[in-house]
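Participant: Single-letter residue listing:
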Amino acid sequence: MKLGLPLPALTGALTGALFLAGLAIAPAFAQDSEVNHIAVLTPEQPNDFGWNQQAAKAARAVGEALSIDVTLASGLGYGDVRPTLRELAAEGADLLIAHASGYNTTAPEIAEETGVPVAIVDRPDLMQPGLVADYTLSGHEGAYLAGVLATQMSRSATLGIVVSGEPPSWNSQSAAFAQGARASDPDIELRYSVIGPAAYADAAGARRVTDAVIAAGADVIFGQGNGSTFGILQAVETNDAPDGGKIWFIDVIGDKSSIDGGHLLSSVVWNLEPVYRAMIEDLGKGTFGTRGYSIRLEDESLYLLQSEHIPAEVWERVMEVREQIVAGEITVEPKFEAEAVRALMTAVSD
Amino acid sequence: MESLLTTPFLTALLAGSLAAGLPLLLAGLGEQMSEKAGVLNIGLEGMMLLGAYCGFLGAWSSGSLWLGFLCGMLGGLALALPMMLLCVWLGLNQIVVGIALTLSAEGLTALLHHVQFSQSYPRLPRVDTLPLPLLSEIPVLGTALFDRHPLVYLAILAVPLLAWLYRSSLLGLNLQAAGDRPAALDAAGISVIATRSLAVLFTGAMAGLGGAYLATVGAGLFVPFMTSGAGFIAIVLAMLGRGRPLWVLLGALLFGLCLSLTTALQVAGLRVPTDLVQMLPFAAVMLLLLFFGRRAALPAALTRPYRRGER
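Those sequence lines, one after another, are chains A and B.
Quick note on numbering: our numbering labels position 70 of the first sequence as 67, and the sequence is numbered without any gaps.
Quick note on numbering: our numbering labels position 71 of the second sequence as 73, and the sequence is numbered without any gaps.
What you were told as hints is all true, and nothing was included just to trick you.
Which residues of chain A face chain B? A partial, calculated answer using Cβ under 7 Å: (1) Ser190; (2) Val191; (3) Ala198; (4) Asp199; (5) Ala201; (6) Val206; (7) Asp208; (8) Ala209; (9) Ala212; (10) Gly228.
Chain B regions said to be covered by chain A (calculated; three or more residues, Cβ under 8 Å): (11) 9 to 22; (12) 225 to 236.
The set of hints was computed from the structure by calculation and includes no laboratory data.
Even for Gly, the Cβ is constructed at its ideal location relative to N, Cα and C.
Just chain A, same shape as in the assembly (with noise of 0.2 Å):
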């Protein structure tokens, strides 16, 4: 049977036909591309009131939120771990947060050989637009209300600063609390120590350096760590402040009020849901990797554990300050450098 239609004509509209076809199609690819899956990579298990358990919080939220698949992949140490991001990628995991410092080298190798976009930590430096974006989360707005809630608090016009280690997200809220405590008196003493080199998990030696800072005559700790922090908490709650009074604990990152043994003062507290929320909304409109995120006083993202020892008139001081913060009549810069942290403590030589 002969054809009606010549054979060029026939080519002609096939090819069309294929084409309009694909524009047709081409929005449920686009749909696809989309984010259906995420993994969330943390270096010690979600169990640990502050780093790792914020994210996988965080990371379930937004998972029910947005309906997608969430993988955690948690307790992974410090070492290596291109394995896990490969398995992951393999696995079908849209987007790779690879929630630790230490792994910011690795989890931009594995997305230039995967693919698949990584969200790293601390390091700006390293954005690609597409593949890998940054979020140097620093709650140095929350941190500067701490050290105003600190200083109201001391009765020893002394206050302590102990930390696991120095990256750039802890610097900036040491310096912060810092100068929220000197700007509500500009008299009052800072003593600052870290643990030891990624100390982490050292929570003797947290207790052994926050006995010291005690023994310094510092009555409100604010302390940063891991596991490490753990062992702030112990020396707080049984060490005696030297006027024989109770010692204050303000924390970060994540909220302890659950196994508080009556020190818990507050917490500068992290929701990364906003962060990992926003994450994937740029993925779905090709700017990821464009812009790093971050946490804010004025979204909620971050804010001041309220617990029952903050008297009522110290908690409205505090909340005036947030407000100035949040209007913009106070502007905190953060602090991300170990040199600059330092040279807002007190020394013996001043």
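Add chain B to chain A, keeping to what the hints say.
Facilitator: Below, chain B alone, put in the same frame as chain A:
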């Protein structure tokens, strides 16, 4: 400066030195016996960690620190048993087995902690001390060094006891021979396997005790990975000790003192990079290695499995 040079601050620093040094001393003394007998126990870190977990669990559930120490020793022993079986009895590579044991202990204790303590993070109450009459009344030094938990005194007493054992007892001679000339020991009718097994088990118990002290007295709680490399530092101290327990004691105290010094310098607000200050304990150990390590004579048969008739 005067505001910092107070009795409480100086006492806290010295007490901190002892607290940091004691787990190293206990584990280092154990490792020294193992090395003397020819077994390099790289699994020391894992034994300390399992001892820390078991020690804390025992003390927390029973309310008795001494029961906690016993549980810690049993925990260390539990990990020393496979070391003994695989390395001493079957002659497998000591370094590979040691690393495997450490990794296993890290995984196991992290899992157990997750199941048992991750929602509550229990903590022990303040530890009672035993002030030594007269000595504890010396200003600063008295409270810092002579008003401590009784285990501190026992650990220090173990130093001359072990020195006597190595120098003046038959067992000490057997241990030395098991590490230097196992064939000669065998020819004398003494079992090399039994001698090395005893040394490995002793190491496990001491490392477990060190871990238990770290968790119960040092921290008052258990968190995963809390030994933070203390086991490896104890191995270095044992090697530097060249078979002399006193050197392990001095090394452990020096390391602890340097750790306290890093805290003191930071609290004093010294404006030098923290990384430099934090290097102090490690630099001290490296200096020790530089000056004394060259003369460190390790047992000739260290890490070599013993098989009768094999040259």
